[in-house]
Amino acid sequence: MNLSNLLKVAWDAILRNKTRTLLTILGVVIGIASVIAMVSIGQSSSQSITNQVSSMGTNMIMVMRANQRRGGVSMGADNSQSLTISDAEKIKREAKYISYVSPLVSAGGQIVNGNNNAIGTLQGGSVDLLKIRKFDLAAGSNFTEDDVARYSKVCVIGQTVIKNIFPDDTLNIANVVGKDIKFKGIPLKIIGVLEAKGSNSMGQDQDDIMIAPYTTVQKRFIGNDYLQMIYCSASSEEVAEDAVTEVALLLRENHKLLDHQFDDFEVRTQAEMLSMMNSMTGTLTTLLAAIASISLIVGGIGIMNIMYVTVTERTKEIGLRMAIGARGKDILLQFLIESAILSLIGGVIGIILGLILSYVGTSLMGMPFVVSYTAIGVSFVVCAATGVFFGWYPAKKAANMDPITALRYE
Amino acid sequence: MVRADKKKNTFMSETTNGSTAKNDNQSIIRIEDLKRDFIVGSETVHALRGVTFNINKGEFVAIMGTSGSGKSTMLNILGCLDKPTSGHYYIDGVDAAVCSKDQLAEIRNKKIGFVFQSYNLLPRTTSIEQVELPLLYNSNISAKERRERAEHALELVGMANRANHTPNQMSGGQQQRIAIARAIVNDPVILLADEATGNLDTRTSYEIMSLFQKLNSQGVTIGFVTHEPDIALFTKRQVMLRDGKMMKDNLVDTQSAQAALEALPASSDY
Ligand SMILES: Nc1ncnc2c1ncn2[C@@H]1O[C@H](COP(=O)(O)OP(=O)(O)O)[C@@H](O)[C@H]1O
Ligand SMILES: [Mg+2]
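Quick mapping for you: the protein sequence lines, in order, are chains Y and D.
In the numbering used here, each residue's number is its place in the first sequence (first place is 1) plus 5.
In the numbering used here, each residue's number is its place in the second sequence (first place is 1) plus 18.
Wrong hints could be hidden among the right ones.
Cβ-Cβ distance ranges computed for the label pairs, FRET-style [stated by the list, open to error]:
hint, chain 1, residue 1, chain 2, residue 2, range
1, Y, Asp407, D, Gly237, 47 to 55 Å
2, Y, Asn405, D, Lys53, 19 to 27 Å
3, D, Thr272, Y, Lys23, 42 to 50 Å
4, D, Ser104, Y, Val314, 36 to 44 Å
5, Y, Ile357, D, Gly86, 55 to 63 Å
6, Y, Asp407, D, Glu246, 25 to 33 Å
7, D, Ser104, Y, Leu27, 48 to 56 Å
8, D, Gly76, Y, Val314, 30 to 38 Å
9, Y, Leu289, D, Ala161, 31 to 39 Å
10, Y, Ile357, D, Lys101, 50 to 58 Å
No lab work stands behind these hints, which were simulated from the structure alone.
Backbone N, C-alpha and C define an ideal beta-carbon position, used for all residues, glycine too.
Bound conformation, chain D alone:
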């Protein structure tokens, strides 16, 4: 699924007129003094109060913080679902803060993969169709290529044998694997996950984290929102938010999810 880098970089510089700021040290995500206010009635909620950091290619970053600290708000902006009130956000050299709605949709389609807490699979739809879905919104991809890439993505997440299953025929962990396959099928610049293990038991969480680690080792850059410190230990770097401000940004002594899985007592599940 991870393709040659030069192929990725061609798209935005031609199709989007957002100001470009090429970065030499491979920062595929660069946010500068990012603020996001929500107006609720007469009050203004400052969800993000000026956050600055970079994510480089190949990183596996956990965005940490207690509930309400602004993690999801941050991830939505990183994923081009939302725009900052002020500040800059460069993804792959393009300033998303000045992009139109349609341009943001195109960035989401070609450069971003989302994994959600509640999987968000379409009901009554087979896995292969779920995974093909993002490619349907890219007119340059033929039906044949779409199918091949979806099959490959399913293989990567270990779900090739569930291609014709519908969500109600699969466990939560399996559904999340399908969702991950859907997120990587477009060969994104960054894979963004919001509490991706939030609905799963410990063993399944570790299995999913092991999958994320595997994808990361194959070159997928990951932004991973979680409020669980033990899950964050499987990433490579932690960014800590509190009340919309960045408190900490440090490297992690990465644990192997596979090892943690093997260390689990056999009786702690099922």
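Bound conformation, chain Y alone:
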């Protein structure tokens, strides 16, 4: 029997048994749909983390205060005051692999514009902070070195802040440039408005931000000279690792740490953060896919079950086919092709359903919708393999039947 005839025979049998066909493919549909949905949603979340991190700058290096160990007792990070402006300046002066440096300090408080007010955080940095954090200006300008030197009462604000305290100007954000607001009772002039970035994968609004010269924040709002963090930007992604080592050495030198002493700071690259989060979501994706695969296996066993019943039910038909000239091979192929077609139909429906599910899922969670072609490809192959693998045993049973016994079967 040639292939087109085999396909016809298998297809006819599928059409003749619509209920069975439906029941059989149901398991596969659920299996494949859940694999696709799980993998897609997993990949979407890691994609959204990647997006967020690269929107913050892939070359970004963060220097944080570390827990200081004294006599084995770990002190809370906020008690240590190990980062100073001299650290930032040393890095800026001496580091070869670093292109931008900005200290970071912040103060929380109330922002007021006439009758409108909101709670927010004022971040203080150098003129490089916008470049490091990859913020662009939608209107106005950044503050200058001069503003830093003179603790100028100026700020650059994000669009959520505008929404909150300038509800009338949300459509024309340039209007707010030059206006004065009050933060913790002290007037600040808005000199720039940032481009909107949206929220990140953790649901944080990246546009709820206010940036001023760090000196302004230190002198006018906090009243001390310590830094919460130093943001640096490696000159390229390739040298990020070298830059980390370099920064650490410079800081140890600046902090006059002896060889046996631990670092009193921590240097993290954005790439490290990224891989940490990716490994988290990766583990989660794998776990979800593994659970979903179990339902695929269950679907496969469903096919085997139904094919097995089918073979028994159609014993007489098998006998008849043999009597009119079907070889064992033809019967084997007929049933294999039948189960392969069944699982492929299930697979196609499953893939479509899975994509719909992941589209709905990701848009509900505010994540980008990622179509995983690998997952689709793998599902398709797994599907065909499932059909053949689980169809094999029943098909073999059919092919090995004795025609006379099969014909006599009631």
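Go by the hints and put chain D with the ligands onto chain Y.
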């Protein structure tokens, strides 16, 4: 449906390596000292104990005998569904006793037509598809030729107007006609029937026998298993089996099934 003879004879001599023994007097079936034993537990059942006979082209042979006499066993071997324990069976010059399973399947596909007591039609399948089925297993036949030959076979059995009916929409007699069309669609060397009228009432049986007679008159060779002597009267020759041995082999004073049908009292049915 009955085609030129030379076309038939080309196939087996090329494709099967069974020893050939051409017979001059047109014996398309030749069995020699055929034995078939079944081992049931520790016992051996001798279903056939050495049977020898020939069937020539154009014959209409009834294989008779009581239940358990070995008729079906004989027919299964003739139809290449089963192999003899010993002895020889030549069909169209090929010794089926030495053929492989696949070669036997090919012989069944191209040289044999089966008609069963219980019709054995596929459920939920139209008549035309039932009749096309044997040709599907022959790769040399195109879809177009398959359809044409199936339509022709349906015409021969008077079922052209039931081409799109499924078995549950037809009477037993009609279903058996479809089964007969399926059996002759491959233009077989021999048409084998096992109790083909066993499930039918008298009138329908006679109608079916009339169809067999018509096909036979058009040149189809028929081996017909039955235990009913009145049905055997419509054939041309009777082979009588008892306990796996041939008791009688004689020509029949053939009756016309059509005449018998007309002689039936009108009230004896429906
Ligand atoms: N597959 C088998 N296994 C064991 N015994 C069998 C088998 N087929 C037939 N027989 C035995 O062979 C004998 C002949 O059977 P069968 O050819 O079916 O008779 P008939 O068709 O004339 O009624 C019976 O005794 C039957 O029990
Ligand atoms: Mg019998």
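Status of each hint after checking the structure:
no., hint, result
1, Y:Asp407 to D:Gly237: 47 to 55 Å, "violated, 33 Å"
2, Y:Asn405 to D:Lys53: 19 to 27 Å, "holds, 26 Å"
3, D:Thr272 to Y:Lys23: 42 to 50 Å, "holds, 49 Å"
4, D:Ser104 to Y:Val314: 36 to 44 Å, "holds, 40 Å"
5, Y:Ile357 to D:Gly86: 55 to 63 Å, "holds, 59 Å"
6, Y:Asp407 to D:Glu246: 25 to 33 Å, "holds, 28 Å"
7, D:Ser104 to Y:Leu27: 48 to 56 Å, "holds, 51 Å"
8, D:Gly76 to Y:Val314: 30 to 38 Å, "violated, 46 Å"
9, Y:Leu289 to D:Ala161: 31 to 39 Å, "violated, 53 Å"
10, Y:Ile357 to D:Lys101: 50 to 58 Å, "holds, 51 Å"
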